[in-house]
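Now for the letters of each chain:
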Amino acid sequence: MSPLLEVHKLSRFFGGLRAVNDLSFTVSSGEIFGIIGPNGAGKSTAVNLVSGVTKPTSGKVRFQGTDVTGQPPHKLVQYGLARTFQSTTVFGNCTVEENCRRGSYLARYPGFFHSFFSTSKAGEMRQASDSRVAEVLEWLDLHRVRNVRAADLPYGAQKTLGMAISLMAWPKLLMLDEPVAGLSAAEADNVRDTIRKIRAEGISVVVIDHNMRFMAGLCDRILVLHHGQELAHGLPQDVLSDPNVIEAYLGRRYVKA
Amino acid sequence: MNSTAETVPVISKVRLGRSTSSALIGGGIAIVAALAIMPYLLDERFFYHIAILVCFAAIGASSLHLIIRTGHVSLCHAAFIGVGAYVSANVVMKLGFPFVGGLVAGTLAAAGLGLMIGPVILRLTGKYFVLITFLFGEILRMVFVDWQSITGGANGLSGIPAPAPVFAEPKYFYALALLAATACVAVCGRILSSETGRFVNAIRESEQLTECVGVPVIRTKVMIFVIACGFAGFAGALIAHYARYISPPNFGPLESLNLVIMNVIGGMQTLVGPLLGAIFLVLVPEFLRGYVQLQHIMFGVILILVMAFLPAGVVGVKDWVARRMIPHDRRGEQ
Ligand SMILES: Nc1ncnc2c1ncn2[C@@H]1O[C@H](COP(=O)(O)OP(=O)(O)OP(=O)(O)O)[C@@H](O)[C@H]1O
Ligand SMILES: [Mg+2]
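Chains as they are written, first to last, in my numbering: chain R, 1 to 257; chain C, 1 to 334.
A portion of the hints provided could be inaccurate.
Claimed, not checked - Cross-link-like lysine-lysine pairs, in silico, DSBU-like; alpha carbons within 30 Å at most:
id	chain 1	residue 1	chain 2	residue 2
1	R	Lys55	C	Lys127
2	R	Lys172	R	Lys9
3	R	Lys75	C	Lys127
As the list claims (entries may be wrong) - Over 10 Å on every C-beta distance to chain C, these chain R residues come out as not near it, computed from the model:
id	residue
4	Gly65
5	Thr69
6	Gly103
7	Glu230
Honestly, the hints are just simulated from the structure, not real lab data. Because the structure is a prediction, the values reported are computed rather than measured. Every residue, glycine too, gets a C-beta built ideally from N, C-alpha and C.
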């Protein structure tokens with residue numbers, strides 16, 4: 001089976017800083033792929049490069065066999081590649097439901113003239129999108145809070161809403177930048193269940209995080225980044241017991257864990 | 001998720017907020033409608049003149065409002081009005097087209113110019129956008145001053161004909177201006193209330209997130225910018241054929257700033273804001289006319305008071321009213 005996402009010798013330099021350096025990996029359909037690494041390792045930059053937010057200095061990104069290197073994010077969403085952000089993930093000022101409507105641009109927006117004159121095409125698209133919104137809210141357990149302002153949600157629910165927004169486009173691959181950072185253990189467990197539910201729908205997931213235990217219990221494969229380069233790559237138990245990883249990245253702090 | 005979900009208070013304020021706000025918006029529309037017919041009741045040349053100026057300001061401010069809603073404050077909107085004015089005057093006077101030809105040409109010229117610069121400048125954010133539009137406005141002003149053969153230079157262009165002889169009379173021109181302003185405001189309102197408006201709001205709140213759900217952010221902003229510039233050119237053509245004389249200061253940075261202030265005073269969140277702002281900014285100097293030396297100071301004080309106490313503009317009075325209407329003992333629940 002050909003991989004869903006192929007990243008080939010991808011690099012991005014900021015001046016002299018090699019934020020991502022010669023990075024290659026693949027993600028297959030239905031896989032949960034983890035990227036871990038210390039602060040500043042280049043994890044967010046890697047996701048930014050794949051999702052088109054940042055342009056690579058060199059290298060290639062292929063999605064379902066198509067070369068998508070350097071395409072803008074809104075194009076990549078059309079291909080089926082969606083993402084969430086480390087910090088801003090929701091529209092704080094509007095309701096949960098409205099957040100999801102905004103997320104469903106591709107299904108909902110009929111073009112300027114159709115929406116200006118509210119044609120039947122516009123009506124059909126709006127209805128289809130609204131029922132999809134209801135479906136996703138139910139699916140991710142957000143339907144009870146659909147009229148709550150997003151900024152008033154607990155942090156964990158905001159992270160889930162961030163995923164719901166990205167899921168509105170029906171992606172084939174969803175990339176999550178630190179979905180459990182700052183969450184309590186219970187909230188993190190909920191997010192983990194949500195990620196599993198997403199995968200169960202056939203959507204592949206790339207997850208970034210620092211939290212070893214969270215990642216080991218969730219991911220099929222893990223890539224360890226260090227100074228922008230791959231340090232180790234493979235099954236969670238192999239990666240986490242790799243002496244290089246323990247020595248160079250985990251250090252004393254994680255050995256006990 | 002389930003446990004946390006139930007502990008979240010659902011905003012019960014929404015219902016109250018919505019009814020008061022729709023009442024106030026309805027009230028605002030009623031006031032505007034009353035003001036619209038008032039000149040006919042007073043039937044005096046001067047009142048027609050003021051009312052026409054309000055119509056022009058309303059077109060300028062509401063079209064600028066579209067740009068502001070995408071998250072960008074443009075300081076060259078009056079320069080686009082100037083483009084429409086000069087183009088229309090030339091098309092009518094030099095090429096001999098009827099007024100409608102000038103109106104269409106002025107609108108298209110301003111929109112076309114917006115289409116040329118939009119894709120470049122709309123990539124800039126915040127203060128950089130403000131600065132570049134200020135500079136672009138200055139460049140256009142210099143063109144108005146220096147391109148003597150077309151613009152008449154600093155002396156301006158005079159002898160621009162009225163749209164038709166009958167419209168030389170303010171009473172009749174007012175009907176035209178009112179129709180134009182109503183159409184422009186209706187179109188702006190419809191854009192904002194349609195699905196397009198939903199994504200315009202999303203862009204303002206987070207460009208990055210909006211781009212990443214699939215919205216072509218730059219293209220959407222350029223489209224709105226071009227429409228707004230087109231309306232500015234449209235207003236310019238009307239102004240040229242009403243005033244019959246135009247010169248560069250009519251379209252300078254001060255005029256652009258006035259259009260921004262109309263949005264700030266009225267409120268930048270809804271379209272009613274710039275309309276109230278337009279009325280306010282045209283009328284207040286007239287009331288203060290007796291105190292010419294005090295006019296600017298009082299104007300400044302009013303502006304500061306509005307910005308200090310009504311950060312959401314005059315439209316924000318509704319929140320202030322809503323706060324008073326909620327009994328003190330229930331406030332904790334809100
Ligand atoms: N736009 C930028 N300009 C300059 N340097 C940048 C930029 N973005 C990231 N960097 C640098 O690149 C390196 C990698 O940053 P990145 O955000 O990818 O790390 P990260 O692994 O996501 O870290 P964290 O765990 O803190 O989120 C850092 O040293 C960072 O300072
Ligand atoms: Mg990061």
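Do the hints match the structure? See the list:
1. R/Lys55 / C/Lys127: holds (24 Å)
2. R/Lys172 / R/Lys9: holds (23 Å)
3. R/Lys75 / C/Lys127: It holds: about 28 Å lies between the C-alpha atoms, which stays within 30 Å.
4. Gly65: holds (21 Å)
5. Thr69: holds (17 Å)
6. Gly103: Per Cβ check, R/Gly103 is inside 10 Å of chain C; nearest 5 Å; violated.
7. Glu230: holds (25 Å)
In terms of the numbered hints stated before, the structure departs from hint 6 and from no other.
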